[in-house]
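Chain order of the listed sequences is A and B.
According to my numbering, the first sequence is numbered sequentially starting from 1.
According to my numbering, the second sequence is numbered sequentially starting from 1.
Check the hints yourself; a few may be wrong.
Label-pair restraints from in silico Cβ distances [unchecked claim]:
#1 Gly-273(A) <-> Leu-145(B): 40 to 48 Å
#2 Val-65(B) <-> Gly-263(A): 43 to 51 Å
#3 Glu-230(B) <-> Glu-253(A): 20 to 28 Å
#4 Gly-222(A) <-> Cys-305(B): 31 to 39 Å
#5 Met-261(B) <-> Val-121(A): 28 to 36 Å
#6 Phe-140(B) <-> Ile-262(A): 46 to 54 Å
#7 Val-251(A) <-> Phe-140(B): 41 to 49 Å
#8 Leu-79(A) <-> Gly-187(B): 53 to 61 Å
#9 Gly-112(A) <-> Val-65(B): 38 to 46 Å
#10 Gly-222(A) <-> Thr-264(B): 53 to 61 Å
#11 Ile-125(B) <-> Gly-273(A): 15 to 23 Å
#12 Ala-145(A) <-> Glu-230(B): 46 to 54 Å
#13 Val-251(A) <-> Gly-183(B): 50 to 58 Å
Derived from the structure by calculation, the hints contain no laboratory data.
These figures come from a predicted structure and were not determined experimentally.
Even glycine gets a Cβ: it sits at the ideal position worked out from N, Cα and C.
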Amino acid sequence: MRLPSSRLWARLSAKRRSPIAGLVVLLMGLMFTGGAYAALSPALAQDGVSADAALIKQGRALFLVGCASCHGKNAEGILAENGQYGPPLVGVGAAAVDFQVGTGRMPLAAPGVQAPRKDPVFSEQETSALAAYVGSLGPGPSIPAAGNYDASDVSNESLVEGGQFFRTNCTACHNFAGSGGALPGGKQAPSLMGVSDKHMYEAMLTGPQQMPVFSEQVLAPGQKKDIIAYVNSLEEMPAAGGFALGYYGPVSEGLFAWVVGIGGLVGFAVWIGANSARSKKGKKA
Amino acid sequence: MTDKPDNQLAVPDPHTAVDPHAPSAADPIDNPGLPPHLPRPTDVDEAAEKRAERQVAAMFGLSAVFALLFCVAYFTLDIGEDLDTFMGLGAQNLALGTALGLSLLLIGIGAIQWARKLMSDNEIIEMRHPIASSEEDRTFSVAELRQGAEESGIARRPLIRNSLLGAMAMLGLPAIVALRDLGPLPGTKLEETVWRKGMRVVNDVSGTPIRPQEMEIGQLVNAEPEVFFEADEEGEPLYEGVELQQAKSKAAVILVKMQPMDITASPERENWGVNGILCFSKICTHVGCPISLWEQQTHHLLCPCHQSTFDLADNAKVIFGPAARALPQLEIGVDDEGYLIAMSDFKEPVGPSFWERG
Chain A
1 MRLPSSRLWA RLSAKRRSPI AGLVVLLMGL MFTGGAYAAL SPALAQDGVS ADAALIKQGR
61 ALFLVGCASC HGKNAEGILA ENGQYGPPLV GVGAAAVDFQ VGTGRMPLAA PGVQAPRKDP
121 VFSEQETSAL AAYVGSLGPG PSIPAAGNYD ASDVSNESLV EGGQFFRTNC TACHNFAGSG
181 GALPGGKQAP SLMGVSDKHM YEAMLTGPQQ MPVFSEQVLA PGQKKDIIAY VNSLEEMPAA
241 GGFALGYYGP VSEGLFAWVV GIGGLVGFAV WIGANSARSK KGKKA
Chain B
1 MTDKPDNQLA VPDPHTAVDP HAPSAADPID NPGLPPHLPR PTDVDEAAEK RAERQVAAMF
61 GLSAVFALLF CVAYFTLDIG EDLDTFMGLG AQNLALGTAL GLSLLLIGIG AIQWARKLMS
121 DNEIIEMRHP IASSEEDRTF SVAELRQGAE ESGIARRPLI RNSLLGAMAM LGLPAIVALR
181 DLGPLPGTKL EETVWRKGMR VVNDVSGTPI RPQEMEIGQL VNAEPEVFFE ADEEGEPLYE
241 GVELQQAKSK AAVILVKMQP MDITASPERE NWGVNGILCF SKICTHVGCP ISLWEQQTHH
301 LLCPCHQSTF DLADNAKVIF GPAARALPQL EIGVDDEGYL IAMSDFKEPV GPSFWERG
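Using the sequences and the hints, build the whole thing.
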């Protein structure tokens, strides 16, 4: 690189004598760094910053009414004498709120080992406000885009792979037919029937309650979508083999066989014994 | 005291026939005897008898018709066709089940009807009697045995007796020699798996390697050794078919990530994990079911087969159920490219206990 000639150098130094030149350079530098930061900072933090401020404000108001009694006024969590009352929500992400509130699990009707699925208390708009507020508290998984979870256009090949992932990762708790199952201590893995694609995706992403997390790097978005497509295909599968009895396997089938099947046989035997062939009145010889 | 007390019950001699109809004076309550025998309508009314006969024959005939219908349905209806014909049931399944069920049921109902209406209607009483044979029979049998032993001379000819005993004992040897050849001995197969130092821990099904920072707190990964997804120079998988299944049944693992402060590792295992990520055998130590029912908040791993429960935060110790040993832990580390790898094979045999292991 060529250095400027001595004459040019002299001219520049002469200009630099202007009293505001230093201030201008400083201002320009600050503006440049600020702009560069805004452009290059991680998208996750930007989500929180640029989300609709009014939505966050509405979410905070709803949070103070519906959630703060357990999770604390600033979502910092409340510790009770006998352990955790409500866990802190900083960093759980908007996806966790959208799942918990969108499926009616939160707000809880009463503290207990299981937060059951019920009719949502908050409307869709209120749920998104709550999600925006909690999402703004710290970086966490955001609500997935519809393209990630919409499993209506999955090929047969992907469906088969989704089945393999499902049998490897999900069946231990949710059962081979996705109809759920029991966990220790009165807890349960819920049925997957009738759960929306978005909520299934959010559950895998955030690991609600006892469910483990399945992160995006280990179980890629496309693979999660295949699993969802497979669960949907289970839902549509006709029970060609007969009465499914809730697809709970030996529990409900055994109960049916013992109570209805063997009970029916015993009842039939008693009926035969109680009606003697010669007990018909009026026909005695 | 020569007179019998009045309240002493008469003990009937079981070998003398007692007429059950005759009331016994010694019973505190008079034996009412049997009610008078009433004939059935089919015994006295010929029309009723004919009708019952026709009923039974009709049921047997119908049963035959349903058996034929079963065969017709089997060949005319296709599997998977009309999957919800009736209350969500498939046409073929419904037809086959109904036809075969009715065919069997009608034979049963017909037989019951036959027995109740038409077969002989004698009422019989069988008195209880001692199980032992009579003294006479017993003496006779013992005498026969003695006579047989005497005539064979087995007591008088020890040479014959002893050589016979020796010959029968030797017959055990061919059995032992033949049975000991049943299949090769397992050798060290039960003690080792395909895990080696430096082998990557990859996600099951997809075979993608895993970096520690890709796992969240509370994450579960059903994992396999990378070698199951590798191929040789000709593109053939290194493991396939039965061999793959056998190797998989020992080498399958789960990776879990917990808050490092929640983990209470035993002193020699303190460096076996990476940033709160631990790796355990997926094979239950009770009878070998694959387990992945992990509760991320309690850190408990539950086997769905017999409810054995392991605390993964506490060296996978058994906290409930029939399993006798903790789940074996696989020591993991990170390779040059930042992926999770095994640091060695399992230090103890995986899966259920076996004879030599104790």
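Exercise. Which earlier hints can't be squared with this structure?
Worked result: 2, 3, 7, 9, 10, 12 and 13
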